[in-house]
Amino acid sequence: KNSSIFCLSSRFEGFGMVLLEAMSVGLPIVSFNCKCGPSDLIEHNGNGYLVDNGDISQLAAALDTMINASPEDYDKFIKKSYELSLKYYVDSLIKQWIEKRQPLPYTKNTVIAAKVLFAVILNIRAPWKISINKSRITD
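Just so you know, we're using the numbering used here here: the sequence shown kicks off at 1 and counts up by one.
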């Protein structure tokens, strides 16, 4: 809540959950463009900046650019960061999973199966707070 930019200086990264967490609260990102990971979540000059992996001078320059961005540009980065994070929300992932599994019917059981699958994958222990368009669910 007290941050304005997220900088990922890792030279090796898998799928960056920390990037996704920062994006979900609208933080613009500045990151090295590791072999995999950051470029899956960051659109260069969209929700942040990707710089050549290991190039500390480029990372510093990108941070300086972000720090000195105009309010309009900074707002653009915030909105894009949050917008891009939405496709990784559980609701969105379940919907994508169900749609890709066609011709499975979109039933209560399919939704429950998807929730259980994502609970296992994401190691979720808390009760789900998922809104589903009930008009599409059949018994």
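Warning: the hint list may mix true and false statements.
As the list claims (entries may be wrong) - What follows is a set of in silico ranges between Cβ atoms, one per label pair, in the way DEER data are often shown:
{"hint": "1", "residue 1": "Ser4", "residue 2": "Leu86", "range": "17 to 23 Å"}
{"hint": "2", "residue 1": "Leu86", "residue 2": "His44", "range": "16 to 22 Å"}
{"hint": "3", "residue 1": "His44", "residue 2": "Val90", "range": "36 to 42 Å"}
{"hint": "4", "residue 1": "Phe12", "residue 2": "His44", "range": "32 to 38 Å"}
{"hint": "5", "residue 1": "Cys36", "residue 2": "Ala60", "range": "19 to 25 Å"}
{"hint": "6", "residue 1": "Val90", "residue 2": "Ala61", "range": "34 to 40 Å"}
{"hint": "7", "residue 1": "Ser57", "residue 2": "Lys100", "range": "41 to 47 Å"}
{"hint": "8", "residue 1": "Ala60", "residue 2": "Asn2", "range": "17 to 23 Å"}
{"hint": "9", "residue 1": "Met17", "residue 2": "Leu63", "range": "30 to 36 Å"}
{"hint": "10", "residue 1": "Tyr88", "residue 2": "Asn45", "range": "17 to 23 Å"}
{"hint": "11", "residue 1": "Lys79", "residue 2": "Ser9", "range": "23 to 29 Å"}
{"hint": "12", "residue 1": "Ala60", "residue 2": "Tyr89", "range": "20 to 26 Å"}
{"hint": "13", "residue 1": "His44", "residue 2": "Ser4", "range": "14 to 20 Å"}
{"hint": "14", "residue 1": "His44", "residue 2": "Ser24", "range": "32 to 38 Å"}
Keep in mind the hints are simulated off the structure, nothing from the lab.
Beta carbons are placed, not taken as given, at the ideal position from N, Cα and C, and that holds for glycine.
### Query
Within 20 to 26 Å or not, the Cβ separation of Ala60 and Tyr89?
Hint violated: Cβ distance 33 Å, outside 20 to 26 Å.
### Query
Taking the beta carbons of Tyr88 and Asn45, is their distance inside 17 to 23 Å?
21 Å Cβ-Cβ, so the 17 to 23 Å window holds.
### Task
Given the range 16 to 22 Å, decide if the beta-carbon distance of Leu86 to His44 lies inside it.
holds (19 Å)
### Message
Between the beta carbons of His44 and Val90, is the distance compatible with 36 to 42 Å?
### Response
With a Cβ separation near 27 Å, His44 and Val90 fall outside 36 to 42 Å, so the hint is violated.
### Task
Mind checking the hinted window 23 to 29 Å against the Cβ distance between Lys79 and Ser9?
Since Lys79 and Ser9 have Cβ atoms about 25 Å apart, the given range 23 to 29 Å holds.
### Task
Please test the hint of 30 to 36 Å on the beta carbon pair from Met17 and Leu63.
The hinted range 30 to 36 Å is violated for Met17 and Leu63, with Cβ atoms some 22 Å apart.
### Task
Mind checking the hinted window 32 to 38 Å against the Cβ distance between Phe12 and His44?
The hinted range 32 to 38 Å is violated for Phe12 and His44, with Cβ atoms some 20 Å apart.
### Task
Given the hint of 41 to 47 Å, check if Ser57 and Lys100 actually sit that far apart at their C-beta atoms.
holds (42 Å)
### Query
Val90 and Ala61, beta-carbon distance inside 34 to 40 Å?
Given a distance of about 37 Å, which is inside 34 to 40 Å, the answer is holds.
### Query
Falls inside 19 to 25 Å, the C-beta gap from Cys36 to Ala60?
holds (23 Å)
#### Entry: Outcome of range test on Cβ distance (His44, Ser24; 32 to 38 Å)
violated (20 Å)
### Message
I want to verify a distance hint. Is the separation of the beta carbons of His44 and Ser4 within 14 to 20 Å?
### Response
Given range 14 to 20 Å: holds, Cβ gap about 19 Å.
When the structure is compared with the earlier hints, violations turn up for hints 3, 4, 9, 12 and 14 and for no others.
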